[in-house]
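This is what each chain is made of:
Number of protein chains: 2
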Amino acid sequence: MKRPTILVLGAGYGGLMTVVNLQKSLGADEADVILINKNDYHYESTWLHEAAAGTLAPEQVRYDIASVINSNKVQFVKAEVTGIDVKNKNVTTNIGSHTYDYLVIALGFEGETFGIPGLDKYALSIANVKAARQIRDHMEYQFATWSLEEEKDDSRLTIVVGGAGFTGIEYLGELGNRVPELCKEYDVPAEKVRILCVEAAPMVLPGFDPELVEYAVRQLESKGIEFSIGTPVVEATPEGVKIKKGEDEFEFIKAGTVVWAAGVRGNRMIEESGIENMRARVKVDKDLRAPGFEDVFVIGDCSLMINEAINRPYPPTAQIAMQQGDMCANNIIALIQGKQTAEFVPDLKGSVCSLGDSDAIGVVFDKKITGTKASFMKKMIDNRALFMVGGVGLTIKKGKFNFLK
Amino acid sequence: MKRPTILVLGAGYGGLMTVVNLQKSLGADEADVILINKNDYHYESTWLHEAAAGTLAPEQVRYDIASVINSNKVQFVKAEVTGIDVKNKNVTTNIGSHTYDYLVIALGFEGETFGIPGLDKYALSIANVKAARQIRDHMEYQFATWSLEEEKDDSRLTIVVGGAGFTGIEYLGELGNRVPELCKEYDVPAEKVRILCVEAAPMVLPGFDPELVEYAVRQLESKGIEFSIGTPVVEATPEGVKIKKGEDEFEFIKAGTVVWAAGVRGNRMIEESGIENMRARVKVDKDLRAPGFEDVFVIGDCSLMINEAINRPYPPTAQIAMQQGDMCANNIIALIQGKQTAEFVPDLKGSVCSLGDSDAIGVVFDKKITGTKASFMKKMIDNRALFMVGGVGLTIKKGKFNFLK
Numbered sequence: 001m002k003r004p005t006i007l008v009l010g011a012g013y014g015g016l017m018t019v020v021n022l023q024k025s026l027g028a029d030e031a032d033v034i035l036i037n038k039n040d041y042h043y044e045s046t047w048l049h050e051a052a053a054g055t056l057a058p059e060q061v062r063y064d065i066a067s068v069i070n071s072n073k074v075q076f077v078k079a080e081v082t083g084i085d086v087k088n089k090n091v092t093t094n095i096g097s098h099t100y101d102y103l104v105i106a107l108g109f110e111g112e113t114f115g116i117p118g119l120d121k122y123a124l125s126i127a128n129v130k131a132a133r134q135i136r137d138h139m140e141y142q143f144a145t146w147s148l149e150e151e152k153d154d155s156r157l158t159i160v161v162g163g164a165g166f167t168g169i170e171y172l173g174e175l176g177n178r179v180p181e182l183c184k185e186y187d188v189p190a191e192k193v194r195i196l197c198v199e200a201a202p203m204v205l206p207g208f209d210p211e212l213v214e215y216a217v218r219q220l221e222s223k224g225i226e227f228s229i230g231t232p233v234v235e236a237t238p239e240g241v242k243i244k245k246g247e248d249e250f251e252f253i254k255a256g257t258v259v260w261a262a263g264v265r266g267n268r269m270i271e272e273s274g275i276e277n278m279r280a281r282v283k284v285d286k287d288l289r290a291p292g293f294e295d296v297f298v299i300g301d302c303s304l305m306i307n308e309a310i311n312r313p314y315p316p317t318a319q320i321a322m323q324q325g326d327m328c329a330n331n332i333i334a335l336i337q338g339k340q341t342a343e344f345v346p347d348l349k350g351s352v353c354s355l356g357d358s359d360a361i362g363v364v365f366d367k368k369i370t371g372t373k374a375s376f377m378k379k380m381i382d383n384r385a386l387f388m389v390g391g392v393g394l395t396i397k398k399g400k401f402n403f404l405k
Numbered sequence: 001m002k003r004p005t006i007l008v009l010g011a012g013y014g015g016l017m018t019v020v021n022l023q024k025s026l027g028a029d030e031a032d033v034i035l036i037n038k039n040d041y042h043y044e045s046t047w048l049h050e051a052a053a054g055t056l057a058p059e060q061v062r063y064d065i066a067s068v069i070n071s072n073k074v075q076f077v078k079a080e081v082t083g084i085d086v087k088n089k090n091v092t093t094n095i096g097s098h099t100y101d102y103l104v105i106a107l108g109f110e111g112e113t114f115g116i117p118g119l120d121k122y123a124l125s126i127a128n129v130k131a132a133r134q135i136r137d138h139m140e141y142q143f144a145t146w147s148l149e150e151e152k153d154d155s156r157l158t159i160v161v162g163g164a165g166f167t168g169i170e171y172l173g174e175l176g177n178r179v180p181e182l183c184k185e186y187d188v189p190a191e192k193v194r195i196l197c198v199e200a201a202p203m204v205l206p207g208f209d210p211e212l213v214e215y216a217v218r219q220l221e222s223k224g225i226e227f228s229i230g231t232p233v234v235e236a237t238p239e240g241v242k243i244k245k246g247e248d249e250f251e252f253i254k255a256g257t258v259v260w261a262a263g264v265r266g267n268r269m270i271e272e273s274g275i276e277n278m279r280a281r282v283k284v285d286k287d288l289r290a291p292g293f294e295d296v297f298v299i300g301d302c303s304l305m306i307n308e309a310i311n312r313p314y315p316p317t318a319q320i321a322m323q324q325g326d327m328c329a330n331n332i333i334a335l336i337q338g339k340q341t342a343e344f345v346p347d348l349k350g351s352v353c354s355l356g357d358s359d360a361i362g363v364v365f366d367k368k369i370t371g372t373k374a375s376f377m378k379k380m381i382d383n384r385a386l387f388m389v390g391g392v393g394l395t396i397k398k399g400k401f402n403f404l405k
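Taken in order, these protein sequences are the chains called A and B.
Here the first sequence is numbered in UniProt numbering, starting from 1 and rising by one per residue.
Here the second sequence is numbered in UniProt numbering, starting from 1 and rising by one per residue.
If you are wondering where the hints come from, they were derived from the structure by calculation, not from laboratory data.
You may find that some hints are simply not true.
Just so you know, same-sequence chains aren't split out, so a pair can sit in one copy or run between any two.
Cut-off 30 angstroms, straight-line C-alpha distance, at most; resulting in silico cross-link-like pairs (DSS-like, lysine-lysine) [said to hold, decoys possible]:
#, residue 1, residue 2
1, 192, 38
2, 223, 184
3, 130, 87
4, 130, 38
All chains, please: the whole structure from these sequences, using the hints.
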């Protein structure tokens with residue numbers, strides 16, 4: 001009997017966790033496992049806001065895939081997926097193509113700009129480690145230029161953050177820490193800097209406990225961050241953004257830096273794959289398979305699952321992606337061994353939203369926490385993700401242990 | 001008898017050395033000493049190429065003026081000089097005006113673009129600590145953007161350095177060290193980066209020993225740096241520079257970063273002061289006074305002195321500026337005390353041109369040196385400048401002691 005080929009697309013939280021479980025649970029002769037990823041490194045996408053603000057070095061946010069896979073059991077291919085053909089069981093990349101017996105689609109999120117004109121071109125996006133790094137360098141270059149130029153253009157020091165969801169708020173938290181440092185480094189008076197968060201929805205952090213949200217807004221406002229809630233961005237230009245303040249009332253905010261953090265969708269490859277999807281996300285069966293395809297699993301941000309308790313989708317989080325990866329590997333092994341697949345039920349341990357280096361809000365094991373305690377928990381969650389993929393060694397190398405600040 | 005007012009303009013090597021000697025040699029009631037400087041810090045202008053390349057933090061290149069002056073003897077005014085009127089003994093600044101009995105003009109250099117179109121606007125210049133910082137951030141932003149963009153514009157990774165004089169070569173030396181680091185940090189293949197030095201004159205480092213120059217060019221070329229000598233830049237645009245390769249032969253070099261390091265001149269204030277000058281430099285009398293003005297001294301890069309041994313001007317160096325500052329203070333004290341001024345004779349201890357962190361060329365006490373030995377001497381010279389102004393404390397704080405690399 002020919003050994004089955006398991007093809008895993010993407011080395012984010014979901015894909016990497018799948019592979020780590022497969023290499024632990026499968027013998028070397030039970031299956032051919034191939035992992036395809038665009039880069040030869042994994043990055044912690046939940047830490048990108050820190051790299052974008054400049055509070056964490058981009059190097060610290062990523063690690064080599066080679067350091068966590070067992071090359072006797074998993075073949076790693078550095079390539080970009082260019083097409084998924086589930087009818088013919090074929091995946092093409094920029095350097096070749098692969099057939100499979102089992103496919104795991106774990107390609108992660110892409111930014112969503114909702115067709116708002118100019119955003120694609122003129123706004124920066126915390127999409128990946130390279131994009132985060134560019135945001136940091138862009139902001140520093142604006143500060144350096146303001147400091148040097150004779151006729152000072154204060155709008156260089158205006159930072160507009162589009163979106164008051166998880167990413168937007170965590171990024172604002174880091175900016176609250178980083179901007180005072182930047183002012184000192186670049187000889188910029190603090191009062192010249194303006195940080196403005198613009199959100200179309202009528203609330204900050206939808207889904208979060210209102211009392212905690214109020215705490216978060218108060219803390220960020222105390223650092224000089226302004227909020228403009230219920231205010232859609234209607235256009236971005238090279239000079240800034242136009243926002244809609246009322247029925248027929250618009251305002252143009254001149255800004256040297258515009259960061260769009262207001263929406264994610266699944267990977268565009270899914271839309272051309274022949275699998276039914278909504279904004280490139282697949283409403284998966286209970287065992288994580290794509291409806292109608294018994295050999296295709298979709299996990300992580302490309303998957304969509306309904307939390308029946310509240311009849312709303314689970315948010316796309318690292319926590320769920322990792323649990324899905326673990327379960328997905330188990331289910332593939334079950335299929336190979338002719339057993340039944342199991343049902344995936346998220347085990348929600350809680351959620352913590354960082355507000356900068358030593359502050360956060362969250363609900364952990366049903367308990368509300370804020371401040372340094374929440375910040376400590378956030379770092380423990382970050383470290384746990386490293387530990388699950390790469391053990392103690394990786395955790396020590398890339399983990400966050402600056403608790404005492 | 002009224003105490004005389006000594007007004008010192010500029011806190012570079014020359015001005016600061018003048019003030020340090022004055023506060024050491026004068027009693028508190030002998031004169032009013034006022035130091036005027038645009039910034040409240042001094043920067044080591046001979047280290048700016050390091051800040052521009054990103055091999056030394058901008059913070060490390062500057063120190064607070066307050067940390068080296070005795071406020072009982074010297075009044076420091078943070079202001080920008082806007083006019084010098086030597087006939088009426090008056091200096092105006094952006095915040096007021098000052099009369100003087102003795103004036104020391106030590107305003108340093110400005111970049112010279114020789115009227116080449118576009119250079120002022122599109123080329124960066126290693127003119128001061130803020131400009132150096134901007135160059136670093138600009139280059140990093142180009143690398144970050146190349147790394148992120150889908151359709152890669154390789155010209156972002158082309159760096160053109162205009163000028164193969166002291167500053168140009170020292171900056172290229174730092175780039176030779178920094179660019180491989182940048183490639184690693186920003187996931188850029190080294191072969192994509194192009195560093196090109198364009199020089200109108202027919203030689204590199206004019207005035208330097210030819211054998212040492214050959215060593216320098218060989219070392220820089222071995223790091224992938226290209227030289228185009230005898231090739232004037234005729235225009236700069238937002239995309240790059242046009243160079244003249246032959247009688248009617250031109251080439252356009254598309255480049256994301258253009259740094260102009262090919263010429264310096266004195267401060268523009270001198271041109272409007274009524275003092276005879278050439279490109280804002282004053283050919284001073286032997287005791288450092290401006291011809292025809294017995295109460296005005298000009299030192300540092302705004303002064304011009306002929307080395308009669310070779311009938312050519314002394315180069316504008318920190319070494320000479322500091323010696324002039326010291327002598328200028330002595331001569332002012334002599335005038336106050338009714339004594340004769342002394343003649344200034346530069347004491348040339350040698351000259352070392354850095355080629356990056358652990359390499360250099362130089363002639364010190366008439367001996368040619370290269371490599372780590374020359375690099376060590378260069379760092380000792382840098383430390384000596386700190387020591388002369390601020391003693392052991394400042395030297396330990398800002399000095400260069402990374403000899404063992």
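Status of the hints after comparison with the structure:
1. 192 / 38: between (40 angstroms within a copy, 20 angstroms between copies)
2. 223 / 184: For residue 223 and residue 184, only the intra-copy Cα distance (15 angstroms) is at most 30 angstroms; the inter-copy one is 35 angstroms.
3. 130 / 87: neither (34 angstroms within a copy, 59 angstroms between copies)
4. 130 / 38: within (12 angstroms within a copy, 38 angstroms between copies)
Hint 3 from the list above is the single one not met by this structure.
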